[in-house]
Amino acid sequence: MLVVGSHEEDKLFAEALRRAASRFGAKIVQERVFEDTGGARRTDSGVTLIQRQMPVFTQQAPAYDILVAADESEVFAPYLPYRTWDPRLVAGSAGLVPKSWDAAQDQWGAVQMQNRFLKLNSRRMTALDMQAWTAARMIGEAASRTNSGDPKPALDFLKGPDFSIAAFKGQRLTLRDWNLQLRQPILLVDGRMVVSVSPQEGFLHQVSELDTLGLDRPETKCRLH
Amino acid sequence: MWRRCLFPGMAAWIAAATPAGAFIAYVSNEKSNTVSVIDTDNWAVTKTIKVGQRPRGIEFTRDGKFVLVAVGDDDTIQVIDAATQQVVDSLPSGPDPELFVQDAAGKVLYVANENDNTVTVIDLEKRVRVGDVQVGVEPEGMAISPDGKILINTSETTNMAHFIDTATRQIVANVLVDARPRFAEFKRDSSELWVSSEIGGTVSVIDPAKHEVTAKITFSIPGMRREAIQPVGIGMTRDGKTAFIALGPANRIAIVDGASHQVTKYLLVGQRVWHMAFTPDEKYLLVTNGVSNDVSIIDVVAQKVIKTIQVGELPWGITIAQP
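The listed protein sequences derive, respectively, from chains A and G. Position 154 of the first sequence, counting from 1, maps to 154 under the numbering used here, and the rest follow consecutively. Position 89 of the second sequence, counting from 1, maps to 89 under the numbering used here, and the rest follow consecutively.
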């Protein structure tokens, strides 16, 4: 079952979830929209009210295995786990969450990175922090590999076939030449631990298993200029 | 048989006289905070020693009397007495020591401290810290040139091999290699320095005199995705003719011709193969398999895996007493 928030970003996430469902063979048995009526009137009144809201919202659903929520604005999804009418798993914006980085990630040398970040900033590292780090690191990598401070050779190197970067994800990350998106494993986290890392074992690809995630070359409508 | 360990020199003598070999290997188990002791006579774990947290780098001292093990989460290097097989002391490393190397005389220990970008210099006799060298981010691989004049440190995030003059303790050269350099190994004749790059997926061959990468060893395994081939540990025979390279999650050891730098064979071992050690007679090579929690034994001449031994959780490093 797919539950979509009423904001534009929620709809975009829902679209990505629908595409992924059809690609990996999952069937969406029903979709519901959770309207954000503003002022968090439906969810802001403490545990007592939320406890009633979420079961009511999820009742009378057709048989389903997992509830996937698209709630980029964090309006309702965090309230879903343990409160669905049928006892079901929750994923998407709450429960099992796909992220590019999480403070719980400690594999592949990441614990050193996390410790350095915590020491420097007195807080834990978020996905946004990691994206900023990776972006800065890519520029540093281009400068050291081209032995130059000029943007032109650096950009050519980043777009070239020899570029790859280590970013504590257990394998080299590269750029998709059709849209310059970073090819990277996605962490599935539950808030305390990294539950798993996608691509999941067994999903094969002729070029890179990382291209089983997101829009692949034959599907993309992007044209780089 | 523990009595043999009281006299390591004698143990080696006995070993040299018997074809089966009777050596003692120590394996650090990163996750179970133990060191497994393996008897190479019957390929069995004879003892499990409790050590500090996150044991990784492990080496015999040159005199064979002690085993040093870096326990990163306890920010120290513990000293195991090879005779009693007990932790007897600790050495003052920097925070999160990972790999280390001794000079030829066994008097000076150089330690890569992963967390504070330094290499610590320790006087092994006095067991005191005598200096530090600032290097790149996340120092790991350590090697010393056969003449003892140059210390190599590789830094995982700066992606460089740093050449450090052991007399002045100053960096004299930096060589850029592929991503996440993990391990460095000199050919005994000093003609080449090999540095493995885990994420880059290559081994750089460096001319130590010119400080230049002269060749790159690449790997290709049919049916194996490129990203899974992650070279880490390197073992080279004394004559420099054959090298063994652990390929991490590719679960294979690559056998490389020392002269042509071409892979001649891949050996299937356990999961996430990491570091390795030869028996002193170079008949066998023992490799640690982190995810499958075992050690594979390779017959060096036959180039075959002959046995697997279960050890602790996440076996990482391995050392065997030299005669």
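Hints may contain errors.
Calculated lysine-lysine pairs in the BS3-like style (CA-CA distance at most 27 Å, straight line) [as the list claims (entries may be wrong)]:
no., chain 1, residue 1, chain 2, residue 2
1, A, K119, G, K216
2, G, K241, G, K216
3, G, K31, A, K159
Output of the computed footprint for chain A on chain G, the stretches with three or more beta carbons under 8 Å from beta carbons of chain A [claimed, not checked]:
no., region
4, 115-127
5, 149-160
6, 198-204
7, 220-234
Beta-carbon label-pair distances, calculated as ranges [to be verified]:
no., chain 1, residue 1, chain 2, residue 2, range
8, G, T218, A, A127, 27 to 37 Å
9, G, D116, A, G25, 19 to 29 Å
10, A, S198, G, K31, 15 to 25 Å
11, A, W133, G, D81, 54 to 64 Å
12, G, R169, A, I139, 41 to 51 Å
13, A, F24, G, K304, 36 to 46 Å
14, A, S148, G, G131, 31 to 41 Å
15, G, H211, A, W133, 26 to 36 Å
16, A, S148, G, D165, 43 to 53 Å
17, A, F203, G, K149, 44 to 54 Å
18, G, R238, A, L204, 39 to 49 Å
19, G, R188, A, K119, 21 to 31 Å
20, G, V130, A, W133, 48 to 58 Å
If you're looking for bench data, these hints aren't it; they were derived computationally from the structure. Cβ atoms here follow ideal geometry from the backbone N, Cα and C, with glycine treated the same way.
Comparing the hints with the structure gives:
For the hint pairing K119 (chain A) with K216 (chain G), the CA-to-CA distance comes to about 37 Å; that exceeds 27 Å, so the pair is violated. For the hint pairing K241 (chain G) with K216 (chain G), the CA-to-CA distance comes to about 17 Å; that is within 27 Å, so the pair holds. Pair hint K31 (chain G) plus K159 (chain A) does not hold up; C-alpha atoms about 40 Å apart against a cutoff of 27 Å. With 1 residues having a Cβ less than 8 Å from any Cβ of chain A, the region 115-127 of chain G misses the three-residue criterion, and the hint is violated.
Counting residues of the region 149-160 of chain G whose C-beta sits closer than 8 Å to any C-beta of chain A gives 3, which meets the bar of three, so the coverage hint holds. Under a criterion of three residues with beta carbons nearer than 8 Å to beta carbons of chain A, the stated coverage of the region 198-204 of chain G is upheld, 4 such residues being counted. As drawn, the region 220-234 of chain G meets chain A at 5 residues by the rule of a beta-carbon pair under 8 Å; at three or more, the given contact holds. Distance hint check for T218 (chain G) and A127 (chain A): the Cβ-Cβ separation is about 33 Å, which falls inside the suggested range of 27 to 37 Å.
At about 49 Å, the beta-carbon gap between D116 (chain G) and G25 (chain A) misses the expected band of 19 to 29 Å. A beta carbon spacing of about 24 Å between S198 (chain A) and K31 (chain G) agrees with the range 15 to 25 Å that was offered as a hint. Between W133 (chain A) and D81 (chain G) the beta carbons are some 44 Å apart, a value that contradicts the proposed interval 54 to 64 Å. At roughly 32 Å, the beta carbons of R169 (chain G) and I139 (chain A) sit outside the given window of 41 to 51 Å.
In this structure the supplied range 36 to 46 Å holds for F24 (chain A) paired with K304 (chain G), their Cβ-Cβ distance being about 41 Å. Between S148 (chain A) and G131 (chain G) the beta carbons are some 35 Å apart, a value that agrees with the proposed interval 31 to 41 Å. Checked against the hint of 26 to 36 Å, the C-beta distance between H211 (chain G) and W133 (chain A) comes to roughly 29 Å, which is consistent with it. Between S148 (chain A) and D165 (chain G) the Cβ separation comes to about 28 Å, which falls outside the hinted range of 43 to 53 Å.
The supplied range of 44 to 54 Å is met by F203 (chain A) and K149 (chain G), whose beta-carbon atoms lie about 51 Å from each other. In this structure the hint that R238 (chain G) and L204 (chain A) lie 39 to 49 Å apart at CB holds, the actual value being about 42 Å. The hinted window of 21 to 31 Å between R188 (chain G) and K119 (chain A) is violated, with their beta carbons roughly 41 Å apart. Checked against the hint of 48 to 58 Å, the pair V130 (chain G) and W133 (chain A) fails, with Cβ atoms roughly 35 Å apart.
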